[in-house]
Amino acid sequence: MTPYEILWQPFADFAFMRHALVGCLALALGCAPIGLFLVLRRMSLMGDAMSHAILPGAAIAFIAYGLSLTAMSIGGLIAGLVVVLAAGMVTRATQLKEDANFAAFYLVSLASGVLLVSKWGSNVDLMHILFGTVLAVDAAALVFLAAVATTTLVVLALFYRALVVESFDPEFLQSMGGRGAWAHFAFLILVVLNLVAGFQALGTLMAVGLMMLPAASARLWAKELPAMLCVALGIALVSGYVGLLISYHGDLPSGPSIILTAGLAYFGSLALGRRGGLLWRWLGHEHLEA
Amino acid sequence: MSHHHDHQHDHAHHPAGAIRLSNLTLTYHRHPVVHHVSGSFAQGELTAIVGPNGAGKSTLLKAMMGLMKPNHGRVERHGLAPREIAYLPQQAAIDRDFPLSVQDAVLLGDWRNSGWFGRISRSARQRADAALERVGMAGFGGRPVDELSAGQFQRVLFARLLLQDAQLILLDEPFTALDAKTTADLLAVIAGWRREGRTVVAVLHDYEQVRSHFPQTLLLAKECIAWGPTTEVLTPANLARANGMPQNWDDDAPVCHRDDTGAPTTPPAHDHTLHSH
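Those protein sequences? They're chains A and B, same order as listed. Quick note: the first sequence uses the UniProt record's numbering, first residue 1, plus one each step. Quick note: the second sequence uses the UniProt record's numbering, first residue 1, plus one each step.
Hints are computed from structural coordinates only; laboratory data are not their basis. Keep in mind that a hint or two might mislead.
Only some residues are given here: those of chain B computed to face chain A with a beta carbon under 10 Å [to be verified]:
no., residue
1, Pro99
2, Trp116
3, Ala130
4, Ala191
5, Gly192
6, Trp193
Listed below are the simulated DMTMM-like cross-link pairs for lysine to aspartate or glutamate, each with C-alpha atoms no more than 25 Å apart in a straight line [claimed, not checked]:
no., chain 1, residue 1, chain 2, residue 2
7, B, Lys181, B, Asp146
8, B, Lys181, B, Glu208
9, A, Lys223, B, Asp95
10, A, Lys223, B, Asp252
11, B, Lys69, B, Asp252
12, B, Lys181, A, Glu98
13, A, Lys223, A, Glu286
14, A, Lys97, B, Glu208
15, B, Lys69, A, Glu98
16, A, Lys97, B, Asp129
17, A, Lys223, B, Glu208
18, A, Lys223, B, Asp97
19, A, Lys223, B, Glu45
20, A, Lys223, B, Glu133
21, B, Lys181, B, Asp250
22, B, Lys181, B, Glu147
23, B, Lys69, B, Asp250
24, B, Lys69, A, Glu171
For glycine and all other residues, C-beta sits at the position ideal for the given N, C-alpha and C.
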């Protein structure tokens, strides 16, 4: 096999592969920076919780409208936003911390979703919602993915400073009268949007992987935020492309292939990362003079 | 319990207060941590707040910042918006691992001008460099904050305060866990604020430090024990009273009716069960 056959021919020959590639790249553009902020705000598990939370919305839409991507996306979006807003409001109104409320709401939401699907759907449907299929991404889905990526990048650019300050020193923002809660909510809505965008391509459970794995890896390479964003983006984009190739050549499901590729990048970073990677820890015994 | 509003008698001697507490009561779960405190912070002066742990010192600063609503009474800021007050809380809430450069951390002090979306002006950058120099951190601008020691980090936060250019500066235990050199340098910054006519209120524990650097003191033990010139406040008798503050948590404490006047049949003017304030 020539390099061309390995690296590009699948995309040249098949429209569904091109769609899948463009979809994955769009998804990576939005997910990577979102994931990095999740990691920095110590909310790594929040993405996971939210991915479960959108399930009942998608399930209800599936039962009502069949396998319609639009309906399922809107359903998932509504369920995700309800959980985000409800957990946020309960956090502000009561003693409970945000993570506990998110856990409570997503579990209720997930259980409802599973209940709905098993009562009115079939197991095949459930598998589809849980694990998605990037190879079924059509033109309408591509437009949706591109729109989400664009929205994410624009909103992140606008809220960048507020998000950084909210993460670094929330009390300072509060004392300056800056409404940190707005930045926080805007960010959580972006998380939901990206998960909804991801679930049809990668499945609800896999979508989180494209957020968290590149972000966690990036912390091991760069020391400043802009550089971290670049590294996370790079790893996410490459994982999408390489993962699709592996899935095509190996005849493997696409979602897990993409996430496992990102997982490999994570393990590689753990070993080699310039900022705290194991190799450098092991080598860096000699201390400096000053 | 005998209680005298000593400070109300002192009050006439104070210059016009930049910020005034009037019969201020702050509570957690209905239990008062600051109880019926009145008085003014002398404008353009350094005031220390001292008192035992749990005396309500940090809570009082939060209320002065507007971060906590009084259960009763008022904080009168005389036209100072909260954002014109600089506030340095205890370090707990800051994520010191965050990938931010020292210069960016200092430039947050320019928030009043830059806000969420505004650009950082060249003069703000110059002021940030000057502020770093003033706290003895010249040349550290490009370093990430996660490489700083606790002392260096506190210097950076003081540089941020300098950039905020506030008329009223609230410091919550600013020297805890700092060495003598760093403490002396930062005390010099505070003395500079006094020369510039700014009002500084600092929660402190070191009586010697307070005596030698802070002309005014508020001795707080939930109640105001004494408030005025430091030499008159930090007397053995006052300190003994402050340290005698009851530490136990009384679950069945009765509702406070101290402000009630007149016949006992009138509805209570101050009732901690009513959170309508």
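Hint by hint, here is what the structure shows:
1. A least Cβ separation of about 5 Å between Pro99 (chain B) and chain A falls short of the 10 Å threshold, and the interface hint therefore holds.
2. Interface hint status for Trp116 (chain B): upheld, as the beta-carbon distance to the closest one in chain A is roughly 5 Å, under 10 Å.
3. Nearest Cβ of chain A to the Cβ of Ala130 (chain B): about 20 Å, over the 10 Å cut. The hint is violated.
4. Because the smallest distance between the Cβ of Ala191 (chain B) and any Cβ of chain A comes to about 24 Å, over 10 Å, the interface hint for this residue is violated.
5. The closest approach between the C-beta of Gly192 (chain B) and any C-beta of chain A is roughly 22 Å, which is over the 10 Å cut-off, so the hint fails.
6. Contact between Trp193 (chain B) and chain A, as hinted, is not supported at the beta carbon level, the nearest pair being about 17 Å apart and thus beyond 10 Å.
7. A hinted pair counts as satisfied when its Cα atoms are at most 25 Å apart, and Lys181 (chain B) with Asp146 (chain B) qualifies at roughly 21 Å.
8. For the hint pairing Lys181 (chain B) with Glu208 (chain B), the CA-to-CA distance comes to about 16 Å; that is within 25 Å, so the pair holds.
9. Restraint check for Lys223 (chain A) and Asp95 (chain B): satisfied, since their Cα atoms lie roughly 15 Å apart, inside the 25 Å limit.
10. Distance hint between Lys223 (chain A) and Asp252 (chain B) is unfulfilled; the C-alpha atoms sit about 53 Å from each other, more than 25 Å.
11. The suggested pairing of Lys69 (chain B) with Asp252 (chain B) holds, with an alpha-carbon distance near 24 Å, which does not exceed 25 Å.
12. About 40 Å separates the Cα atoms of Lys181 (chain B) and Glu98 (chain A), which puts this hinted pair outside 25 Å; it is violated.
13. For the given pair, Lys223 (chain A) sits about 22 Å from Glu286 (chain A) by alpha-carbon distance, which is consistent with the 25 Å threshold.
14. The straight-line distance between the Cα atoms of Lys97 (chain A) and Glu208 (chain B) is roughly 40 Å, outside the 25 Å bound, and the hint therefore fails.
15. Among the hinted pairs, Lys69 (chain B) with Glu98 (chain A) is consistent with the structure: their alpha-carbon atoms are about 22 Å apart, no more than 25 Å.
16. Simply put, Lys97 (chain A) and Asp129 (chain B) have alpha-carbon atoms about 39 Å apart, too far for the 25 Å limit, and the pair is violated.
17. Taken as a hint, the Lys223 (chain A) and Glu208 (chain B) pair is broken in the structure, with Cα atoms around 41 Å apart against an allowance of 25 Å.
18. The hinted pair formed by Lys223 (chain A) and Asp97 (chain B) meets the criterion: a straight-line CA distance of about 10 Å does not exceed 25 Å.
19. For the hint pairing Lys223 (chain A) with Glu45 (chain B), the CA-to-CA distance comes to about 41 Å; that exceeds 25 Å, so the pair is violated.
20. Note on Lys223 (chain A) and Glu133 (chain B): the hinted pairing holds, with a Cα-Cα distance of about 24 Å set against a maximum of 25 Å.
21. Of the supplied pair hints, the one linking Lys181 (chain B) and Asp250 (chain B) is violated, its CA atoms being roughly 42 Å apart against a limit of 25 Å.
22. The hinted pair formed by Lys181 (chain B) and Glu147 (chain B) meets the criterion: a straight-line CA distance of about 20 Å does not exceed 25 Å.
23. The hinted pair formed by Lys69 (chain B) and Asp250 (chain B) meets the criterion: a straight-line CA distance of about 23 Å does not exceed 25 Å.
24. Distance hint between Lys69 (chain B) and Glu171 (chain A) is fulfilled; the C-alpha atoms sit about 16 Å from each other, no more than 25 Å.
This entry does not satisfy hints 3, 4, 5, 6, 10, 12, 14, 16, 17, 19 and 21, going by the numbered hints stated previously.
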